[in-house]
Amino acid sequence: MRMSIVEALREAIRGEMARDERVFCIGEDISIPGGYGGAFTVTLGLEKQFPKRMIDTPISEAVIFGMACGAAAMGLRPIADVQYGDFLLCAADQIIDNIAKLRYMSGGKLTLPLVMRAPVGVTGRGSQHAQNLETYFLSCPGIKIVAPATAYDAMGLLRTAVRDEDPVLIFEHKLLYGSKGMRSEAGSLDASSEIPEGDFTVPIGQGVVRREGRDVTLIGHLLMMHHCLLAAEALAAEGISCEVIDPRSLWPLDLPLILASVRKTGRVVIVEESPRQGGVGAEIASQIAEATPDCLLAPLTRVAAPNTPAPFAPVLEKQYVPQPERIAEAARRLVREY
Amino acid sequence: MSKTNKTAPASRPGFAPASRPGFAPASRPGFAAEAATTLKAVGREQCLAMYRSMLSIREFEEQIRFLFLEGKMPGTVHQYIGQEACAVGVCSALQSDDVIASTHRPHGHAIARGLPLASLMAELYGKSSGCCKGKGGSMHLGDLGRGMLPAIAIVGGNLPIVAGMALAFKMRGEKRVAVSFFGDGATNEGAFHEALNAAAIYSLPALFVCENNLYGASTAYSRVSKVENVADRAAAYGMRSAIADGMDVFAVHAAAREALAKARGGEGPTLLELKTFRLCGHSRRDPNNYMSKEEKEHWAARDPIPACERALTSAGLMSDAEQTRLKAEVAAEVQEAIRAGQQAPEPAPEDLYQDLYVSMEVPR
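Same order as they appear, the protein sequences are chains A and B.
All you need for the working numbering is the position in the first sequence, starting with 1, plus 25.
Numbering-wise, the working numbering puts 154 at position 159 of the second sequence, and it's gapless, one number per residue.
Okay, chain A solo, but in the shape it has when bound:
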C-alpha cells in the first residue's frame, strides 16, 4: 500500500499504541476535535481510538518534554512532539540537561524510553519556523537522532524508536510529509513508499545506499537526500556515476557504510540544509577524514546553507537551500579536477 510519510507515521503510532498500552502522545494541538492532528496532521484522528492517551498540552514546550521525561522515568513510553522543530529550543533544558543526561547521572539506574518528533526544513516561513535543528542536538551525548527521508523509513524508524529503551529524536521534513488539505506544503517532494504488510522495522544507526555509483559519493539526509538523487540523475546524463547515501540516523552514524562508499569512489560531497558552520556535515567530514586518510582522491567537500539565518524572500530562500544544481556542480568539479 502506498503511503506518504504523514500516513506512515500515523499508522506506526497507531500500531505502537495498540501494541503497547504504555505508549502515549503528548504535544500541542495533537488531538483537538476539529483541529489538525499536530501541525502537519500526523496524529489526526488517533484520539478516536485512544481517547485517554492523546495528551493535548498548552503552548508550553518545557512541559511537553519535561513531562515526557518524567512519565518515561516512571515506565511509560511517551511520543512527544513540537509543531516546528524550532520550538525544541524552548525545551532545550529539559531535552539536553534532563532527557539526555539523567540516565548517565543516575549511574544507569533509570531508563528514559521516549520519542521526540520535530518537523524541520526551510519552508517559506522566514528564520524562526525554518531551522534545521539537527546540528544543535548532534553535540549532545545521550540522545539518538534519526531522520527518515521516505515513508518506509519513517514507519520503520518510528517503530524502532518507540521500542528503544533510550531517548530518540526524530527529525521529519515538512516538504517530505505529504500532508494534505489545509496543512499541505507548497514545494513538497514525493517521499511516499510502498508499505509492506507486517511489522517491519528499520534499525537505528543503519544508513542505506539509495543509488549505487563509482565516481563520487553524495551524502545527504531528509530533503537533501532527495536533492542528491536529483543531482545524481542529472550527472548520470553526463557520464558521472554518483553513489547516494542516506545516513537515516545521524547519531549513531553508520560510519562503516559511508567509509565503504568513500573507499570505492575516493570523492565525497556532504550535503546539508543547515548552515555550514558547526554543521552535521562538519561531523561527518571529520569522521571520514579521521578514518580514511589515504582513500581520498579529492578534498572533502561540503554543500550547505550559508552561514546566515534562513531568509524569507523566496528567491533568497531558493539560493539558501542547497539545490540539486549546486550539489551536481560540486560533484562535477571533484570528478573533473581530481
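Hint data in this document are derived by calculation from the structure and do not stem from the laboratory.
Note that the coordinates shown come from a computational prediction; the quantities given were computed from them, not determined experimentally.
Hints may contain errors.
Derived CB-CB ranges, DEER-like [claimed, not checked]:
1. 153(A) <-> 92(B): 54 to 60 Å
2. 109(B) <-> 190(A): 26 to 32 Å
3. 69(B) <-> 312(A): 29 to 35 Å
4. 233(B) <-> 77(A): 20 to 26 Å
5. 153(A) <-> 169(B): 39 to 45 Å
6. 67(B) <-> 303(A): 36 to 42 Å
7. 39(A) <-> 260(B): 30 to 36 Å
The beta carbon of each residue, even a glycine, is placed where N, CA and C say it ideally should be.
Please arrange chain B on chain A, whose structure you already have, making use of the hints.
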C-alpha cells in the same frame, strides 16, 4: 564585607524578617494547641524518627563542611543546614512508592527520603559505590529505586519532570504522588510556571514544595518578586496553596500530609510554601555577608532542631537520655558513612563509557 552587612539588608525593599506581615507562626492564635494535636496524630515513634532524620542531615552537613573546607572532598556543595524541617516534614508524610525530585541542594532530601548515608557520602567522593556510581555527585544525588529521582540542578528544572511522573501515576490509576522540592529562586523560572499550569489543568497527583529560604544565592527574594508569598502565585494557575512554618517539622508534616491526601484522593496538586532559612552559605565557602547579623540571629533562634527538641521534650515524648542516645547514634552513623565513602573504590576508566545508553555502546 562589613559594608555589605551594614547597608544592603536595611535598604532592601520590603525587608523586615521579624515583623513580616502574614507570617508569625509562633504567635498565631491556637498555635500551641494545634502543635500538640499534630504531635499526637503523628505518634511518638514517628516523632522521634523525624527528629533523628533531622539530626542526621545536620550532622552529615556539618561533617561535610569540614571535609570540604579541609580540601578532602572534591567538587562543590550546597548545604541544607537550617532547612531540615522541610525535607523531613514532607518525606515523613510520604508513602514508600511516592517519588520526590530535588535541586542543586539535595543532601537533606536524600537523607530524609531514606537513601543510605554511605551511598550518599560515596557519591560525594565520586566513588563507584555511590548512589549514582559517582557519576552524579553532590548536585545529582538520588536513587529512583528508593523514591528519589537524581536531583536536577538547573533551577526550576525538576518541576516539569514531576508533573510528568504525576501524569504517569494518574494515567495508570495509581495512588501515588510525585513531589517537587525547589527554592524561591525557581519561582521566576519559566519551568515553574509551565509546570504548575500543567499540573493544575490535568489535576495531577503532585505536590510542589517551595522552600522559601528568602535568598536565591545572594539575591533576596524581596528584590526579585513583588509577590510576598510564593503561595500567592498558585492563584494564577487555579491551584490550591498552603503556607507552613518551614522551621517546624511538625507543621510541615501536617501541611504535607493534607496536601498529599488531596493529591492521592484525586483532588489535584498543591503549592506548599515553607518559610525557612539557610543557616549556612549558598555554596562552598560563601560566608553569606549579604545577610544582616540581625536576620541571621533572628533565624538562628528559630533553628528547627532545637525547636523540635523543645516540642518533643515539653510533650513528654523524648527524655534527655533518649536525645543524648540519638545524637550519639547519628554521629557514629555519619562517621561510618565517611569511612565507607573514603575507602570505597574509585570508578574504573572504562566506567566513563558506561550507563549512557541502554541499547548501544558509546560511539568513540
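Going down the list of hints, with the structure as the test:
Judged by the Cβ atoms, the range 54 to 60 Å given for residue 153(A) and residue 92(B) is violated: they are separated by roughly 43 Å. Distance hint for residue 109(B) and residue 190(A): a CB-CB separation of about 27 Å, consistent with the stated range 26 to 32 Å. Range check, residue 69(B) to residue 312(A): Cβ separation about 34 Å, and the 29 to 35 Å hint holds. The beta-carbon spacing between residue 233(B) and residue 77(A), approximately 22 Å, falls within the hinted interval of 20 to 26 Å.
Distance hint check: the CB atoms of residue 153(A) and residue 169(B) are about 40 Å apart, consistent with the given range 39 to 45 Å. A hinted range of 36 to 42 Å for the beta carbons of residue 67(B) and residue 303(A) is consistent with their spacing of about 41 Å. For the pair residue 39(A) and residue 260(B), the supplied restraint of 30 to 36 Å holds, since their beta-carbon distance comes to about 35 Å.
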